[in-house]
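Residues in the sequence shown are numbered consecutively from 5, following the numbering used here.
Watch out, some of these pointers could steer you wrong.
[Said to hold, decoys possible] Under the rule of at most 30 Å between Cα atoms (straight-line distance), these lysine-lysine pairs were calculated in the DSSO-like manner:
no.	residue 1	residue 2
1	K321	K152
2	K453	K420
3	K176	K240
4	K157	K358
5	K397	K358
6	K31	K176
7	K162	K240
8	K409	K293
9	K290	K409
10	K160	K404
11	K183	K239
12	K358	K420
13	K162	K326
14	K94	K284
15	K298	K404
16	K452	K233
17	K420	K372
18	K162	K109
19	K293	K452
20	K404	K99
21	K290	K333
22	K183	K297
23	K240	K109
24	K397	K152
25	K415	K298
26	K409	K326
27	K35	K109
28	K453	K99
29	K240	K152
30	K452	K162
31	K326	K240
32	K183	K397
33	K360	K162
34	K162	K372
35	K298	K109
36	K326	K452
Read the hints as simulated data drawn from the structure, not as lab findings.
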Amino acid sequence: MSLDTPINNTQQLDSAVGAINDVLDFKVIDKPPYLSQATITVPATIVDTLYQQTAINQQHHIQTQGFQRGNVPLSYIQQNFKTNLTSHLKEFILKYCVINFLYTKIRSQKIMAADEPRLTSIALEPNKDAQFNFEWTQANPITIHEWKYFPFKAPKRKNYKDLDRQVETFIKEERNHLKDWHDEGLVIGDWVSFTITLAKQDNTILLEQLKQNFWFKLDNEEVESPLRKLFFGKKKGDLFYTTNNGLQEYFSDQLPISYNFCVEIIDIVPHCYFCFEQFKSHFRIKTNKDMHKKLIEVCSYRNDISQRLAMVQDALKLLLYKHPIIVPKQLVLRQQDTLLRTIRENPDYNVYRKQKDFQKQLQRLAEKQVKETIFLNQLAYHENIGATDEDIKGYLNLTKRQRIKEFIYCKLPNLKREGNTVPISTQELKHTCLRDKTINYIIYHLTKK
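Let the hints inform the model, and build the full structure from the sequences given.
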């Protein structure tokens, strides 16, 4: 069998992600005044299945005195390499299914987290349920007012004719790109949605109820990427088995491992053209005239700030003024540390750092971002706003062109690891998309005539 073995139509699996809610358990305990702790429990049956499969896999890698490679007894590996196997499985299970499940539960239970969940500990050993423990800062509930009727004056565009020409040229170019596009499979710049399921070496599916969904971008990287190579040329609907090294290293790099995965291509967001239909749907635009007007927002600038960004900032400023939020000091300090790590990657960091009010600016920005996150999360719950697969595609469509990225306020997490792009779990991606969708929802209603 080759590393990437296609499956014919009669073998295709159901593309829907398995009923993970019926398998894993989720419990939350509040620790007043601000802390919440969650435990995700993975049943012993799943732990033991994966433990045995990992031990079987290690028979091909382990060399030990008294046994030839490939002939080490399974019982010997399970007993003498327990620490290695459990350390590997902690990371594997976390990335494979726990993170997806965690973000699903945070949204479905409308948990008012003020920051991202933090992993605190993992307890895992054979013949026992595994427990993954997380914590986050809990935000106090906000009383949401009739905000849709607040007076809001949207920033005006500049009246330069050149702005209209820029938009007209952009629309013409992208429509030509669409006409020229032929589906020849995934290429550099494309985003791909795929499901993944663990399989035995004979291609028998293991734990189908834990089938997981991820997104991955085929980035143009200098470093050779096994994952990019895996997906290059594949098309929507393709289904195949693979022992690709990129997948092994993403889920865990603690052991030399060669799991057999069943992968199905669920959807593709091509980079070749900007999709205007997705754009119109994403912003609830009905006419080409309104689409033109919307695109002007990222072309019209005042004081180096686009009309779009100014509109978002003004809208959030108004809503935060009407809904005062008190945030814990430790939460602001944690966000400051996050900002500082990002700023240090900027070539102008030393220039910023030497400014007299650098620390005050950093603190103000951190506090503002924390308040925005809290408000957006709670408004989304209050208005019953959800994130769908179409929302993800609409969001990723905005990442295709540098100027159009200005429509995105809530940025993706860093997906680079040692120079290579890594996948992101679909539920974590929806978490980001939901906040951005909530901003669009706010602006739609505040500017509605």
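Now for the hints, and whether the structure bears them out:
no., hint, result
1, K321 - K152, "14 Å, holds"
2, K453 - K420, "42 Å, violated"
3, K176 - K240, "27 Å, holds"
4, K157 - K358, "36 Å, violated"
5, K397 - K358, "41 Å, violated"
6, K31 - K176, "52 Å, violated"
7, K162 - K240, "42 Å, violated"
8, K409 - K293, "21 Å, holds"
9, K290 - K409, "21 Å, holds"
10, K160 - K404, "26 Å, holds"
11, K183 - K239, "19 Å, holds"
12, K358 - K420, "29 Å, holds"
13, K162 - K326, "29 Å, holds"
14, K94 - K284, "43 Å, violated"
15, K298 - K404, "17 Å, holds"
16, K452 - K233, "46 Å, violated"
17, K420 - K372, "26 Å, holds"
18, K162 - K109, "44 Å, violated"
19, K293 - K452, "16 Å, holds"
20, K404 - K99, "27 Å, holds"
21, K290 - K333, "44 Å, violated"
22, K183 - K297, "24 Å, holds"
23, K240 - K109, "29 Å, holds"
24, K397 - K152, "27 Å, holds"
25, K415 - K298, "20 Å, holds"
26, K409 - K326, "29 Å, holds"
27, K35 - K109, "19 Å, holds"
28, K453 - K99, "45 Å, violated"
29, K240 - K152, "40 Å, violated"
30, K452 - K162, "20 Å, holds"
31, K326 - K240, "46 Å, violated"
32, K183 - K397, "20 Å, holds"
33, K360 - K162, "34 Å, violated"
34, K162 - K372, "28 Å, holds"
35, K298 - K109, "34 Å, violated"
36, K326 - K452, "19 Å, holds"
Hints 2, 4, 5, 6, 7, 14, 16, 18, 21, 28, 29, 31, 33 and 35, counting from the list given before, are not met by this structure.
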